[in-house]
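Turn these sequences into a full structure, and let the hints steer you where they fit.
Respectively, the protein sequence lines represent chains D, A, W, R, G and C.
Residue numbering for the first sequence follows our numbering, beginning at 1 and increasing consecutively.
Residue numbering for the second sequence follows our numbering, beginning at 1 and increasing consecutively.
Residue numbering for the third sequence follows our numbering, beginning at 1 and increasing consecutively.
Residue numbering for the fourth sequence follows our numbering, beginning at 1 and increasing consecutively.
Residue numbering for the fifth sequence follows our numbering, beginning at 1 and increasing consecutively.
Residue numbering for the sixth sequence follows our numbering, beginning at 1 and increasing consecutively.
Derived from the structure by calculation, the hints contain no laboratory data.
Do not take every clue at face value.
If chains are identical, the list can't say which one is meant, so a pair holds when it fits in one copy or spans any two.
[To be verified] For lysine-lysine, the following PhoX-like pairs were computed, each having C-alpha atoms within a straight-line distance of at most 25 Å:
| hint | residue 1 | residue 2 |
| --- | --- | --- |
| 1 | 197 | 220 |
| 2 | 245 | 52 |
| 3 | 56 | 245 |
| 4 | 45 | 197 |
| 5 | 22 | 45 |
| 6 | 80 | 52 |
| 7 | 82 | 197 |
| 8 | 245 | 106 |
| 9 | 220 | 52 |
| 10 | 82 | 22 |
| 11 | 80 | 245 |
| 12 | 220 | 82 |
| 13 | 46 | 220 |
| 14 | 245 | 197 |
| 15 | 197 | 46 |
| 16 | 80 | 46 |
| 17 | 45 | 80 |
| 18 | 106 | 197 |
| 19 | 106 | 45 |
There are 6 protein chains.
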Amino acid sequence: MREDGRQLDQLRETTIETNFTKHPEGSVLITVGDTKVICNASVEKKVPPFLKGEGKGWITAEYAMLPRATAQRNIRESSKGKVAGRTMEIQRLIGRALRAVIDLEKLGERTIWVDCDVIQADGGTRTAAITGAFVATTMACARLIDENLIDEMPITNMLAATSVGIDDEDQVLLDLCYEEDSQADVDLNMVMTDEGKFVEIQGTGEEATFSHDQLNDMLKLGTDGITSLFELQRNALGDDANLIKG
Amino acid sequence: MREDGRQLDQLRETTIETNFTKHPEGSVLITVGDTKVICNASVEKKVPPFLKGEGKGWITAEYAMLPRATAQRNIRESSKGKVAGRTMEIQRLIGRALRAVIDLEKLGERTIWVDCDVIQADGGTRTAAITGAFVATTMACARLIDENLIDEMPITNMLAATSVGIDDEDQVLLDLCYEEDSQADVDLNMVMTDEGKFVEIQGTGEEATFSHDQLNDMLKLGTDGITSLFELQRNALGDDANLIKG
Amino acid sequence: MREDGRQLDQLRETTIETNFTKHPEGSVLITVGDTKVICNASVEKKVPPFLKGEGKGWITAEYAMLPRATAQRNIRESSKGKVAGRTMEIQRLIGRALRAVIDLEKLGERTIWVDCDVIQADGGTRTAAITGAFVATTMACARLIDENLIDEMPITNMLAATSVGIDDEDQVLLDLCYEEDSQADVDLNMVMTDEGKFVEIQGTGEEATFSHDQLNDMLKLGTDGITSLFELQRNALGDDANLIKG
Amino acid sequence: MREDGRQLDQLRETTIETNFTKHPEGSVLITVGDTKVICNASVEKKVPPFLKGEGKGWITAEYAMLPRATAQRNIRESSKGKVAGRTMEIQRLIGRALRAVIDLEKLGERTIWVDCDVIQADGGTRTAAITGAFVATTMACARLIDENLIDEMPITNMLAATSVGIDDEDQVLLDLCYEEDSQADVDLNMVMTDEGKFVEIQGTGEEATFSHDQLNDMLKLGTDGITSLFELQRNALGDDANLIKG
Amino acid sequence: MREDGRQLDQLRETTIETNFTKHPEGSVLITVGDTKVICNASVEKKVPPFLKGEGKGWITAEYAMLPRATAQRNIRESSKGKVAGRTMEIQRLIGRALRAVIDLEKLGERTIWVDCDVIQADGGTRTAAITGAFVATTMACARLIDENLIDEMPITNMLAATSVGIDDEDQVLLDLCYEEDSQADVDLNMVMTDEGKFVEIQGTGEEATFSHDQLNDMLKLGTDGITSLFELQRNALGDDANLIKG
Amino acid sequence: MREDGRQLDQLRETTIETNFTKHPEGSVLITVGDTKVICNASVEKKVPPFLKGEGKGWITAEYAMLPRATAQRNIRESSKGKVAGRTMEIQRLIGRALRAVIDLEKLGERTIWVDCDVIQADGGTRTAAITGAFVATTMACARLIDENLIDEMPITNMLAATSVGIDDEDQVLLDLCYEEDSQADVDLNMVMTDEGKFVEIQGTGEEATFSHDQLNDMLKLGTDGITSLFELQRNALGDDANLIKG
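Spelled out as structure tokens, the structure:
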């Protein structure tokens, strides 16, 4: 039915490989179809100035693409000397989403930096990054417990994300690849917890508009998709998943 | 009931002053409570490189605040030498929203720059900017018709925006001022057309989450609020409003 | 006689509106003909590193234009990532001028930031900015006295500025509008105190030169013009003007 | 004998995985011990300004590290807004080395961009990058032949690189890992062709010096090491290796 | 009488060495007391975009200091990544001054870049730069005539500059060294032609003010000083000086 | 035999003028043929953050060219807002070389900044800079002893540098001028101590390669050349040279 043979309500083949590189406290390679993102969580024993002495921690994210993650090579942001608006928007979204499921007081005066680096892009990089970043962050927190640096898991809930869209035949599609995304009339990114609550929804009519009914259809389809992602995250996390009370 | 005496479903006092400055093709000062934004639309007779020779136009927005638009003075972005992520996110949103209600082919090979400069901030600056930017853009287009530079109105629909939120007593509030916004658990920005369709919805749980039911309540309240804004825009535009077929 | 019907020795219609925005300690909209500048004075309870522990304060200015303050839209300095030479020159001039009439020891360890933002430009923006900045700064200082934060008025004299020029018929003109300024052979900016002393004079032959006699004619005309501005400033300041011993 | 059990003259376990990502014309993951570098070659149908109309091509390299490729997280160069001196030095070296074995006239008016992104670092990232970049570049050129865009292989020789050093017991070591590199007195990077000629040698006494005899010992050991790398490159390239006349 | 034994109306020992470096079309080392500035004029066969096709040329200046030109080392502007306001102000002044004595149409479609690099600073660097830059520019123009690239000398008049000031005993001083400049109440930079006309005057009360009479005294003293500089310039230029009709 | 009449093994005329400018602790103008570099050593009573409290000092170098040091004018790095890769490479090399012959503990908690500014370039600027920087640094250290700020000379050995190359007739040349350098097949920069040890060697085949035998020939020739430079340095330093134990 869809270009790549998927059903309308079918996620792309998704895998989460843990311990992808050796240095980070949490390291994950998430693969969603042809989209591949390295998510590394680093723990730093200090907090940004605005939190100094507050007895609580911080979590923040950075997002980037390798220059040839895409069909056409992009100029490196370091060469241009500035970070694009799209990049900033995405890394702000990832950081905000993670902060919804972490108890910063339990983290203590530490910062977790989550680096999401896209090595191959085929649509849905920001939602893949959130789903992977959650696993990397949880691993980093589990290690803090393991090393007796904190007592309790600061992660309060599972968190995952996907995209949904409406194509030009008014069909509602789950988990858009790049080709579908660039042709869609409407594009909705959703971030949810495993309690079925929304953390973030961002719906955009791309030179088009959408009704309240269409929105509800998309939200329903996306909710089902995200529910499957939690299962994959739990498998990747193994025992660490049990530390989350959620 | 609310801090400033408003009902839960009541917009702040909103005014739209046209021809606020003399140079721009469209110039508006929009006042929403204590939030004041100058929205200037400038028409340039060229298009960005990626559109050269395509026979169609472009519309883009820039957003900024005076350093002392807020309670604490902020460092100028020109002094810092870079544009903040928040600024980029907002100007991308304004541009995207306007592109949903403009027929770029009817505009011809022209760029409309919409500058939204906040001179006083009290919450809701991005939605006020969209509501004002729509009026400034429509005025600039009407002037193109007036000067026989284009034949038909490129604006296809009215466009306005507001914010809705949920406070810590689970009440749904329309049009949050800064104080309410900084205490809200959930914050939803909505951009709609006068056909009742969504152009953009961005809902964020600020270290909190929200259910599908709560989302629906917010969307309903916001839809009512935006409907009142269309009336104000039509009054401000006068005869120019009739050029829009919508 | 002149394009806009003024006499050679006539200032443009000038108004000073106080409390233009609500957040700053001193806020003024100065209008000189079609030139409009928002001047906001912000008080910060700290000083730059080179003054730390000296028991005295600092005053500094920043100047900017809205992109469409002018007939052609200008690119934002924040987008370009750097501040133009003209901007730096003007903001250095404004700061230097204000420092000539303020007793920094009476200010205590505080910095006053004076933001001059041109919302509409028609020549003479830098001199209008100085005249308005003086009023905003005086208001901010009066408020410090009012709140018992300082004992004595740090402002020692009234300060105002205007421009004078020589046109291609060798006529000496007061307070040039943009059209006149761009055609003048010589352009002189003057900043004076109400004791009739100069704080700054900057005379430039624009691809032309001028004699000592011509300079004296210009200085005489400018002195008369500035004398009228002090009256407007006193009216705008009301009782606060009386705090200045000068 | 060495920390990781290697002989003094033994390379680390080295593998070259081709087609690591799908978009680039040539894509390689090279692994040298715990050092892992993605080398992507992109072909662009234009040349830099200084070569326009010369009928010949260009090859250039960029080098970067993921923030957590190392034991301590590094700040992204895009966030800092500038590229570090070390990065520039390395990417200039890689580009210069590749230009020694490519006939730019046979390439035609094309630029090959070689992006070397270190995803895990354990010493020797610049030499690993050169060895991998050569394979990615050869693959990209083979593809140009395959698609009949050029007639002849522009690559004239095989090219590989390694490091050699002298430790504090005056032992000469091949292929230093990070631990060894940071303790070595002397560090020598060598780039050679399969004809046994040097393309680049860079020897540095790290707060130490070295004699001509010691240099000769190092060069001999490095030459042997690089000879083994050519074999690995040929295996990775398969038939494409035969296109090189060398 | 003065710190360095000079009379109030005495210039510092001033020398102008031509052909200081070999590459520039005009190269001068000007020494004014302990202030030493290299002034190099470079001719480029193109004009800035705003002059393209106008059949006339342009002249522009850049100014910089070696980091240790001063008593305390300053950070390089290239390291800071931005040009200071003071630097911009000075290079704008130098360029503007030169444009007053050059007929840009006679120059043809060429740009003259005048680089003024201070290698040792002891006050008065901007006026020394103007005096030296005039000589370097004239030499570059003479060379254009010599090589038959232009027919007539574009330089219309001699141009030189000095500073004058008022010390805390109300004495008027010519040509201030650093020590005097930092203690002066008033500082006036003057640029004049050999017809005795002003090109630029910039008088600043440094946290002080000055009367019209004091201004006249300073202008008279400065005029005398500049008159001596023309003699030195003529000697340095030799026959080239005769090409100026003035 | 060579363009400028030199023998293959002959250095260019080289002079070292000390106390070239008055402010720096050590100031040198080194002239190597037509290459002229000002080397200024500045002592600062603090160390970079990574050395704070370690009881030892630091030495670092900066390198720049005047815009018209070369045949074609170059854009200033401060105007471009970034430092070129070539510049960074050279200043890293100079700093590294100097650190090989200085005992940072004897320097105490001080930083020596060595600024190498090329005022005229004709090839070999980086090696001339090292040779001159060594003299300036030694003078600055001698002054610290003289002022009783340190007890012992931190400089442990003499240090100088030159370049060697191979031309297209396979001749080995000492001390290449710009013309020779741009035509050479191979270019080798060497930095040595007066004990005949290498500190740094950097050999590059410029779109060419070189054999081990050719490398040895170049190293021999360069060693002879550098030996002559030590004599010049000792003469320039006078008694200060005796403070170095070597």
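Hints versus structure:
1. Taking the closest pair of Cα atoms, residue 197 and residue 220 come within 25 Å of each other both inside a single copy (12 Å) and across two copies (19 Å).
2. Taking identical chains as interchangeable, the C-alpha atoms of residue 245 and residue 52 are never at most 25 Å apart, the minima being 28 Å within one chain and 45 Å between chains.
3. Within a single copy, residue 56 and residue 245 get their C-alpha atoms as close as 20 Å, which meets the 25 Å cut-off; across copies the closest is 51 Å, which misses it.
4. Taking the closest pair of Cα atoms, residue 45 and residue 197 never come within 25 Å of each other, the shortest separation being 32 Å inside a single copy and 44 Å across copies.
5. In this assembly of identical chains, the alpha carbons of residue 22 and residue 45 lie at most 25 Å apart only when taken from the same copy (19 Å versus 38 Å across copies).
6. In this assembly of identical chains, the alpha carbons of residue 80 and residue 52 lie at most 25 Å apart only when taken from different copies (22 Å versus 33 Å within one copy).
7. Within a single copy, residue 82 and residue 197 get their C-alpha atoms no closer than 35 Å, and across copies no closer than 36 Å, so neither meets the 25 Å cut-off.
8. When the C-alpha separation of residue 245 and residue 106 is checked against a cutoff of 25 Å, the pair qualifies only within one copy, where the shortest distance is 13 Å, while the shortest distance between copies is 57 Å.
9. Taking the shortest alpha-carbon separations for residue 220 and residue 52, neither the intra-copy value of 42 Å nor the inter-copy value of 41 Å comes in at or below 25 Å.
10. In the homo-oligomer, the alpha carbons of residue 82 and residue 22 never lie at most 25 Å apart, since the shortest distance is 29 Å inside one protomer and 27 Å across protomers.
11. In this assembly of identical chains, the alpha carbons of residue 80 and residue 245 never lie at most 25 Å apart, being 44 Å within a copy and 38 Å across copies at closest.
12. Neither within a single protomer nor between protomers do residue 220 and residue 82 lie at most 25 Å apart by alpha-carbon distance, with minima of 38 Å and 40 Å respectively.
13. For the identical chains of this complex, residue 46 and residue 220 are neighbours neither inside a copy (41 Å) nor across copies (43 Å), given an alpha-carbon limit of 25 Å.
14. In this assembly of identical chains, the alpha carbons of residue 245 and residue 197 lie at most 25 Å apart only when taken from the same copy (16 Å versus 40 Å across copies).
15. In this homomeric assembly, residue 197 and residue 46 never come within 25 Å of each other (Cα to Cα): the closest approach is 31 Å inside a single copy and 45 Å across copies.
16. When the C-alpha separation of residue 80 and residue 46 is checked against a cutoff of 25 Å, the pair qualifies only between copies, where the shortest distance is 19 Å, while the shortest distance within a copy is 30 Å.
17. Proximity of residue 45 and residue 80 under a CA criterion of 25 Å is satisfied inter-copy only: 21 Å between copies versus 31 Å inside one chain copy.
18. Within a single copy, residue 106 and residue 197 get their C-alpha atoms as close as 22 Å, which meets the 25 Å cut-off; across copies the closest is 43 Å, which misses it.
19. In the homo-oligomer, the alpha carbons of residue 106 and residue 45 lie at most 25 Å apart inside one protomer (14 Å), although the nearest pairing across protomers, at 34 Å, exceeds that limit.
Violated hints, listed in ascending order, are 2, 4, 7, 9, 10, 11, 12, 13, 15; each of the other numbered hints is respected by the structure.
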